[in-house]
Amino acid sequence: MTVSNMAKRIIEMSNIIKRYYIGQPNELQILNGISLTVHEGEFVAIVGASGSGKSTLMNMIGALDKPTEGSYLLNGVDVSKLSDKQLSEIRNKEIGFVFQTFNLISRTNALKNVEMPMLYAGKGRKERSKRAMELLELVEMEDRSTHKPNELSGGQKQRVAIARAMANDPSIILADEPTGALDTKTGRMVMDIFHKLHKQEGKTVILITHSPELASETERIITISDGSIVSDTGYTGNAPDKEVSAE
Amino acid sequence: MSFFENLKMAFGSIAANKMRSLLTMLGIIIGISAVITITTLGTTLRATVKGALDSLGSNLFYVYLSEKNADNYYDTVEIEVTPDDLIQLSMLEELVEKYPDEIRLADENSAGSGTLRNSENKDVSINIVGAYNGTLDYNGGKILAGRNLTMRDVTERKYTCIVSDIFVRQYFKKGEDPLGRVIIVNTEGGAALELSIVGVYKYNAMINGMGATSEEEMKTPVYVPNTIAQQLQGIYYDPGLWGTMLSFNIKYDSKTVQDHIQSFFDEKYASNKNYGIKISSAMDQLKMIDTVINVITIVVAVIAAISLLVGGVGVMNIMLVSVTERTREIGIRKALGAKKRAIKRQFVTEAIIICLIGGIIGILIGLLNGELVGLVANMLVKSDPTYEDLLGNISIQPSTGAIMISLIFSMLTGVFFGLYPASKAAKMNPIDALRYD
Chain A
1 MTVSNMAKRI
11 IEMSNIIKRY
21 YIGQPNELQI
31 LNGISLTVHE
41 GEFVAIVGAS
51 GSGKSTLMNM
61 IGALDKPTEG
71 SYLLNGVDVS
81 KLSDKQLSEI
91 RNKEIGFVFQ
101 TFNLISRTNA
111 LKNVEMPMLY
121 AGKGRKERSK
131 RAMELLELVE
141 MEDRSTHKPN
151 ELSGGQKQRV
161 AIARAMANDP
171 SIILADEPTG
181 ALDTKTGRMV
191 MDIFHKLHKQ
201 EGKTVILITH
211 SPELASETER
221 IITISDGSIV
231 SDTGYTGNAP
241 DKEVSAE
Chain B
1 MSFFENLKMA
11 FGSIAANKMR
21 SLLTMLGIII
31 GISAVITITT
41 LGTTLRATVK
51 GALDSLGSNL
61 FYVYLSEKNA
71 DNYYDTVEIE
81 VTPDDLIQLS
91 MLEELVEKYP
101 DEIRLADENS
111 AGSGTLRNSE
121 NKDVSINIVG
131 AYNGTLDYNG
141 GKILAGRNLT
151 MRDVTERKYT
161 CIVSDIFVRQ
171 YFKKGEDPLG
181 RVIIVNTEGG
191 AALELSIVGV
201 YKYNAMINGM
211 GATSEEEMKT
221 PVYVPNTIAQ
231 QLQGIYYDPG
241 LWGTMLSFNI
251 KYDSKTVQDH
261 IQSFFDEKYA
271 SNKNYGIKIS
281 SAMDQLKMID
291 TVINVITIVV
301 AVIAAISLLV
311 GGVGVMNIML
321 VSVTERTREI
331 GIRKALGAKK
341 RAIKRQFVTE
351 AIIICLIGGI
361 IGILIGLLNG
371 ELVGLVANML
381 VKSDPTYEDL
391 LGNISIQPST
401 GAIMISLIFS
411 MLTGVFFGLY
421 PASKAAKMNP
431 IDALRYD
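Those protein sequence lines, which keep their order, are chains A and B. Residue numbers for the first sequence follow my numbering, beginning at 1 and rising by one. Residue numbers for the second sequence follow my numbering, beginning at 1 and rising by one.
So that you can see chain A by itself, here it is in the shape it has in the complex (with noise of 0.2 Å):
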């Protein structure tokens, strides 16, 4: 209970840069200099208008990306020093991604969808349908476990996409424009899994957009711009507790 308090540092970010190299002359730089502190259980939006460098930044919050300098300890491992066997575990474990576009293998059903961070955490076979098929209950989708991808709707998609980023348990959610491609209703319902998955679960979720009213609805608000924060609402501290299942 006392956790709450001094609620765990999930991200360290001091000072990041990212340059891109487009022959030698034309170095672009496009995050000048980030630092940023999110702890366990924070909802927080980052908000820009496109070319802010927000996406930058969500790339490299999600390790799919290094800095250029700087560096950014995730649960207290600096992720610019890591190998790319590394950074993928990292990203099998610690991040779970929720795309605008839904990015669900079209092949496969519901069920392998959300399963395949399991397959590629090296679990069995029974854990992994179990693990699933619970995770799909949890978004409401286990009546369409056996759906592939094409015959969902897009907020049901994307409820299939929320569910596969909790596969692993892992420490973030970390959602690009979730509800960018979804009406205003499929949308709402999609923020609300998001709010039930950080009151509930306890999850530090990420929400990257570019909507004031979506960001409105988080408890901090960092705004980006030409590379650089220019606000942050901050921590509030009052993160939410963990719900101890008393059963």
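Keep in mind the hints are simulated off the structure, nothing from the lab. There may be inaccurate statements among the hints.
Rough simulated footprint, nothing fancy, chain A against chain B, three-plus residues with beta-carbon under 8 Å [unchecked claim]:
#1 339–345
#2 426–437
For each label pair, taking beta carbons as the anchor points, the in silico distance ranges come out as [claimed, not checked]:
#3 A:P212 to B:S423: 40 to 48 Å
#4 A:H147 to B:L380: 58 to 66 Å
#5 A:A49 to B:K8: 19 to 27 Å
#6 B:V302 to A:D169: 52 to 60 Å
#7 B:I306 to A:I17: 53 to 61 Å
#8 B:I306 to A:D169: 49 to 57 Å
#9 B:K8 to A:P212: 40 to 48 Å
#10 B:F4 to A:I22: 42 to 50 Å
#11 A:H147 to B:S423: 56 to 64 Å
#12 A:I22 to B:I306: 43 to 51 Å
#13 B:S423 to A:K196: 35 to 43 Å
#14 A:E151 to B:I306: 39 to 47 Å
#15 A:E151 to B:I303: 42 to 50 Å
#16 B:F4 to A:S106: 44 to 52 Å
Here the structure is a predicted model, which is why all the values come from computation and not from measurement. Beta carbons: idealized from backbone N, C-alpha and C, even for Gly.
Once you've looked at the hints, dock chain B against the given chain A.
Relative to chain A, chain B alone:
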């Protein structure tokens, strides 16, 4: 990620593109089916020829005088052969006595023809053939009743003979027992030869020919001890032989018998400076067929290799297309934590499975081809009783070695040509791959 999961994934993506996968496999199917067809026919041909040689007397050796240090039979004319060099009958007798159950003397000596008058006053023509205890083997005959001639018949100049089943029908009345009967043969030279029948053999038309159109007209050999035949020819002194046929009991291993004969003669010719004895066998013919089959197999293997190469390039091409098409999938998998190795393995497995399925289809088609050829061959064989006697039922014998090698090679093709597309997939940057449309 287990091997089994990889397999499932590979089958899934192959099944998702059935037509394309099948077309991709085509080169491999053609290559492998060609190899299996030809090797099946090769092994079957070999087995059939061996079977035929066995029934004709693969248990025969030709023992011949050969110049020492000469490579083949035709080189033996270099140094003049003296009577001392020739193979003496006494040597052969000694050899046969040394291995009585194993080796028989199979030489024959044609001593002209003869006639007999049967009870219906009809003339029956025969050939008088001087024989030893193995001559019947040489002619592919089999004793039906009584016994074969023995070396004792020869050395003791017994007036015995064995006659063919055809002769029995020509000469005797139905139901008469020819064994023990004495026949009188009028020879070309005007002599009358009184012979006692000790055995009846089955005439082998395949080896000796039908000769006449009707059985009544046929002239079959009456085998008499060669000493009797020589007497008829006025030969009282046998100078020796350049070469002779030996047959052996098929109970014994041909190699062992050959070694026995070789060492026997090596001892006899140890003091002979110029000449020794060489042995050739019917199996040498088989070796020749083997050589032909091997050459054909090599040619087909080269064609198959080319076809596998082309097929493999096709597989690589399709895999490259597939990798490009599935860039986004690769990006997703990487984002979800797939390591380079896992992606690589996924695509290599897919290539291997495509090639392996192609290989298996090729093998099945090859086997089917073999069966079809077998069916046709058997129809042809059955249409002629003499062939049927000799060849029997041709059974198609697929070469298991070729099947194993085909499977291994189609798999290797998959590995080889799948590796480049797979490592291309594995090297993809997840960020770019995820953005790919």
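**Report entry** Index of numbered hints that the structure contradicts, given in increasing order
**Finding:** 5, 11 and 16
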